[in-house]
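Put chain B on the given structure of chain A with help from the hints.
Number of protein chains: 2
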Amino acid sequence: MEKITVIKVGGKIVEETDSLHRLLDDIAAMPGLKVLVHGGGRSATALAQRLGIETVMIEGRRVTTAEMLDVVTMVYGGKVNKNIVAQLQARKINALGLTGADMNVIRGHKRPVKTVDYGWVGDVDAVDGGMLASLISKGIVPVMAPLIHDGNGNMLNTNADTIAAETAKSLVPYFDVTLVFCFEKNGVLRDAEDDNSVISRIDSQSYPSLVEQGVVSGGMLPKLQNAFDALHAGVKEVVITKAENLADCEAGTHVVEK
Amino acid sequence: MEKITVIKVGGKIVEETDSLHRLLDDIAAMPGLKVLVHGGGRSATALAQRLGIETVMIEGRRVTTAEMLDVVTMVYGGKVNKNIVAQLQARKINALGLTGADMNVIRGHKRPVKTVDYGWVGDVDAVDGGMLASLISKGIVPVMAPLIHDGNGNMLNTNADTIAAETAKSLVPYFDVTLVFCFEKNGVLRDAEDDNSVISRIDSQSYPSLVEQGVVSGGMLPKLQNAFDALHAGVKEVVITKAENLADCEAGTHVVEK
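Order-wise, the sequence lines are chains A and B. Take the first sequence: its position 203, counting from 1, is numbered 268 in my numbering, and each next residue is one higher. Take the second sequence: its position 160, counting from 1, is numbered 225 in my numbering, and each next residue is one higher.
One should not assume that every hint holds.
Calculated pairs, DSSO-like style, for lysine-lysine (alpha carbon to alpha carbon, straight line, at most 27 Å) [unchecked claim]:
1. Lys157(B) to Lys175(A)
2. Lys203(B) to Lys157(B)
3. Lys68(B) to Lys203(A)
Everything labelled a hint here was simulated from the structure, so no lab data went into it.
Extracted from the complex, chain A is given alone in its bound form (with noise of 0.2 Å):
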């Protein structure tokens, strides 16, 4: 099978133009087919701002009202999409912006009320990852952004990394899948103060006594979580590592099955 790599790329890297602008330059220099999901929290929290609507964050997740999500749907749907979009034409890269609703590509549901209400969040129920790979074999680049639908005319705010998980998944009955996580650091590190400390490579076997150790903590769970998920349903291999790393195939941390 061909491969893939779905790339998800979050964080100050896609809303500053020079981050950005050398992200779509290496990302346009990998060989292969690629799917790209952003993210743009940072962007939204500023226009939220701007328009003196306050973002309150529960566990790292953005409680979305009604107001919020007309906020993150104009920047991930519209500002930093397009952006991203216009940038890789720019690149010769023949880039498409989707949502979830574009096409029913990810169809989800609003997230139910338990302990915390986190309004118009969206977990995911299917990927068409038949549909992006007909795409894909065209030529085409999907660049997703983190909004999903509810089949009822919502859009629902969803976790970038999910997203990225979520089409991984979804692409393994049609390609070689390879998930890459951009972000701000080298890897997942042995030591949080020392970039250098990176562990080059997680298993199923490894795993548990890092967590144990505490090791991996924090915003780094529901990341490794998400990984083992992905691996579990059929994707080859994770890589986390730093945006600027992301032409050096041995960088960063390789997470595998075993």
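Relative to the frame of chain A, chain B by itself:
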């Protein structure tokens, strides 16, 4: 050849929930293939105002500074487009939101500065009708925002009537194309004060005298110019009608070559 209708909807109707829902019900009920082109100017002006950005219009066209380009990219490409797409999906219409940057579907160039500097406003160079036709033949309904790109990484703000006319023309090799401009009035009126004075048919023979008599003037002039351009390029019929009458094939003004 199979028939297709390119429907341009703008104004308040796409920006207020109740009227938008009625419109989308009508569009969902229309038989045959279709493409939707939307505006969103009122929402863009409202967001700009909340952000303290002044809206400057010259001859009905929005002067688009870098700040205003962000606003229209967010409003047209994000909020309005994704809201329509999600609402069409709820009506079992497989909508796909597009700007000109997506799949390079409409490329253009920044309007050269003559007497007026419109800023990041674009004139259309080429619409990829083949790409649109291939999507449409798979059951997809393109929903097009009035934004194009310049191939150098920049989005450009473009008039939605122009997008609709250029899109209709690009589909002529593939379909039997009707172009419908929905707006606030019943059609082209003989007496601007009387919404029942619709001129039901205008052709290239009757048009010059309507201009001479001053019946066609103001904002209607570029709309009819767009209409005749489209007819010259092979579009079969252009209809100018009230959005509420979309389902009534006899309503409105029908513009034909002769």
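Each hint, compared with the structure:
For a cut-off of 27 Å, the pair hint linking lysine 157(B) to lysine 175(A) stands: about 19 Å separates their Cα positions. Restraint check for lysine 203(B) and lysine 157(B): satisfied, since their Cα atoms lie roughly 14 Å apart, inside the 27 Å limit. Annotation: proposed proximity of lysine 68(B) to lysine 203(A) holds, straight-line Cα distance about 26 Å (limit 27 Å).
The structure is consistent with each of the numbered hints, conforming to all of them.
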